[in-house]
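J.: Given chain W, work out where chain B should sit, using these hints.
One-letter residues, chain by chain:
Number of protein chains: 2
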Amino acid sequence: MLSSADDARYMAAAIALSQRGRGRTGTNPNVGCVIVKKGVIVGRGWTQPGGRPHAEAMALADAGKAARGADIYVTMEPCDHDSERGPTCSRLVIEARPARVIIATLDVDSRTRRHGIDRLGEAGISVSVGILEQEAHRAMAGFFTRMEHGRPHVTLKLALSLDGCIARADGTSKWITGAVARRHAHLERARCDAILVGSGTLEQDQPGLDVRLPGLENRSPQPVVLGEAEPPENWVQISFPEEISGLADTNWLLVEGGAQTAASFLRADMVDRLLLYRAPIIIGGGLPGIADYGLESLDSAHGHWRREDTRDLGEDRLEIYERAA
Amino acid sequence: MLSSADDARYMAAAIALSQRGRGRTGTNPNVGCVIVKKGVIVGRGWTQPGGRPHAEAMALADAGKAARGADIYVTMEPCDHDSERGPTCSRLVIEARPARVIIATLDVDSRTRRHGIDRLGEAGISVSVGILEQEAHRAMAGFFTRMEHGRPHVTLKLALSLDGCIARADGTSKWITGAVARRHAHLERARCDAILVGSGTLEQDQPGLDVRLPGLENRSPQPVVLGEAEPPENWVQISFPEEISGLADTNWLLVEGGAQTAASFLRADMVDRLLLYRAPIIIGGGLPGIADYGLESLDSAHGHWRREDTRDLGEDRLEIYERAA
Numbered sequence: 166m167l168s169s170a171d172d173a174r175y176m177a178a179a180i181a182l183s184q185r186g187r188g189r190t191g192t193n194p195n196v197g198c199v200i201v202k203k204g205v206i207v208g209r210g211w212t213q214p215g216g217r218p219h220a221e222a223m224a225l226a227d228a229g230k231a232a233r234g235a236d237i238y239v240t241m242e243p244c245d246h247d248s249e250r251g252p253t254c255s256r257l258v259i260e261a262r263p264a265r266v267i268i269a270t271l272d273v274d275s276r277t278r279r280h281g282i283d284r285l286g287e288a289g290i291s292v293s294v295g296i297l298e299q300e301a302h303r304a305m306a307g308f309f310t311r312m313e314h315g316r317p318h319v320t321l322k323l324a325l326s327l328d329g330c331i332a333r334a335d336g337t338s339k340w341i342t343g344a345v346a347r348r349h350a351h352l353e354r355a356r357c358d359a360i361l362v363g364s365g366t367l368e369q370d371q372p373g374l375d376v377r378l379p380g381l382e383n384r385s386p387q388p389v390v391l392g393e394a395e396p397p398e399n400w401v402q403i404s405f406p407e408e409i410s411g412l413a414d415t416n417w418l419l420v421e422g423g424a425q426t427a428a429s430f431l432r433a434d435m436v437d438r439l440l441l442y443r444a445p446i447i448i449g450g451g452l453p454g455i456a457d458y459g460l461e462s463l464d465s466a467h468g469h470w471r472r473e474d475t476r477d478l479g480e481d482r483l484e485i486y487e488r489a490a
Numbered sequence: 166m167l168s169s170a171d172d173a174r175y176m177a178a179a180i181a182l183s184q185r186g187r188g189r190t191g192t193n194p195n196v197g198c199v200i201v202k203k204g205v206i207v208g209r210g211w212t213q214p215g216g217r218p219h220a221e222a223m224a225l226a227d228a229g230k231a232a233r234g235a236d237i238y239v240t241m242e243p244c245d246h247d248s249e250r251g252p253t254c255s256r257l258v259i260e261a262r263p264a265r266v267i268i269a270t271l272d273v274d275s276r277t278r279r280h281g282i283d284r285l286g287e288a289g290i291s292v293s294v295g296i297l298e299q300e301a302h303r304a305m306a307g308f309f310t311r312m313e314h315g316r317p318h319v320t321l322k323l324a325l326s327l328d329g330c331i332a333r334a335d336g337t338s339k340w341i342t343g344a345v346a347r348r349h350a351h352l353e354r355a356r357c358d359a360i361l362v363g364s365g366t367l368e369q370d371q372p373g374l375d376v377r378l379p380g381l382e383n384r385s386p387q388p389v390v391l392g393e394a395e396p397p398e399n400w401v402q403i404s405f406p407e408e409i410s411g412l413a414d415t416n417w418l419l420v421e422g423g424a425q426t427a428a429s430f431l432r433a434d435m436v437d438r439l440l441l442y443r444a445p446i447i448i449g450g451g452l453p454g455i456a457d458y459g460l461e462s463l464d465s466a467h468g469h470w471r472r473e474d475t476r477d478l479g480e481d482r483l484e485i486y487e488r489a490a
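The listed protein sequences derive, respectively, from chains W and B. Just so we're aligned: the first sequence equals residues 166 to 490 in the numbering used here. Just so we're aligned: the second sequence equals residues 166 to 490 in the numbering used here.
Chain W extracted, bound-state conformation (with noise of 0.2 Å):
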């Protein structure tokens, strides 16, 4: 009999492997999977770019016979309705005869919703509910957002000084930040689909927007532009932040700025999480990071940020703040 800290153990470990999968698998959910037979992970799994395979039929190939009998770990409810690209993931795991399955998160697609469940244990397997919900729902946060908000989940990155600026008065903005923090930026830009700048920014800075990481140039995520610039080739240009629910395969969205376009999402209250570089420097009088997005009154500022995380990075530290509930 496991405790239900091995449980919790397993299911971390698949929440770890969900990250894998992230920014790549289109609307699909980053799911991670992870099969254990007498304390021996035995298959590991996550959803594949573009969204198939899904994990539990990558974890179910890995682990082969060794499945049967096992408990298999995966974020989410496996799936239950036919598609056109393979078979469903409830009856790959009924045929794979486990004892137990145990899952962090229900889906919310109605498709699937509960309907997963119920298959497992209508085939007399096991099922477990609940477990880590809370950190499978961040770690697949893009699908759920798109699910509840018809958009993808968004991040807004600066890099800051301690006076809040991202630039000097005249624009200049290399460099705020250190290397292990731009190294750091870089591999956020790995875990999205999209990434988004206001024309200005585009204007002024010509970004790359590309991952600058060894062997992880092919991340590079869907350069988007906010406004009227001309956009540069393979670039997709929206007018108004509200079009980001049009952004093809795309779950997650890092924004970078600058100041205007930071403020009109948070003027339509698109900002999911926000995560701050911030240097140990002071510019003075620079450009702010934020421009005005209505605020109405003090008051009206607080209670809509919680801190996550916060972190060193060199020299600089990390903030990351999420939308309190």
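Worth flagging that the hints you see were computed from the coordinates, not collected in a lab. Please note that a few of the clues may not be correct.
Copies of one chain are not kept apart here, so a pair can be met inside one copy or by any two copies together.
[To be verified] Dumping the calculated EDC-like pairs for lysine to aspartate or glutamate here, alpha-carbon to alpha-carbon at most 16 Å:
hint, residue 1, residue 2
1, K339, D464
2, K339, E461
3, K230, E298
4, K202, D414
T.: Chain B alone, transformed into the frame defined by chain W:
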């Protein structure tokens, strides 16, 4: 025989005591002292308001005859220059006949430097110097800054939003931070001799600058205004940051803004410590905390500030930076 770990522990206690006098010892160092005999602290003392009696005199009076053969931990070399206000601490210590005197840091006053320890050594007392020297230096930084630069130690305090604003565009600043952070800021006031704001802040906010903490009301620092505003009764007025050198009885100065005042102290290279209370709110297009202070390039902004501490204060975060060596 005491281990050096014991020595460090007792010296840490002496340093903690030194903070009780901080902001009330005039131009004297705020020294702390503990006397230890057979593992028991038999005497404690710190520099009294106005600068006398000194910490050693207080601790020796507290210990009485128990000081004989004991170990005396003191954060700074005992004074060795005669004063109308009482005997030298070196003489008091010798008369008490301790076994050892453990000193964190030497005095920098040429009337005493090394004379204090030489006098003790000549009297046959064992003397150690240098334990927790850096910590002691920080704890008495007001005195050392005055001796080295002829001016008080300056802390610049700002209450900021995530985007570096100290108010909305219309000047509204109540409140950026929460009750816990504001109380902490009042505690910092109580630890300073004087507190300064610019003319604009005085005219706009009419701040009391007093310590509004139960039991510490009498610890309110001397209010000072920088600039041309008509000062309220009992305030001191100066025209340039450099004039803080002339503030009476001031080792520790707290500068509370606004943006122009912060910039003028930065321009004069007179900020030793940053006390940033950071609230989890976004103002957007508000008043920046620090105005242009003449930064010549982004490169030259780096390397000046080292993070010394961060802590949570309710929903807010306190970040303390110190001048990098």
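J.: List in ascending order the numbers of the hints, as given earlier, that are violated by the structure.
T.: 3, 4
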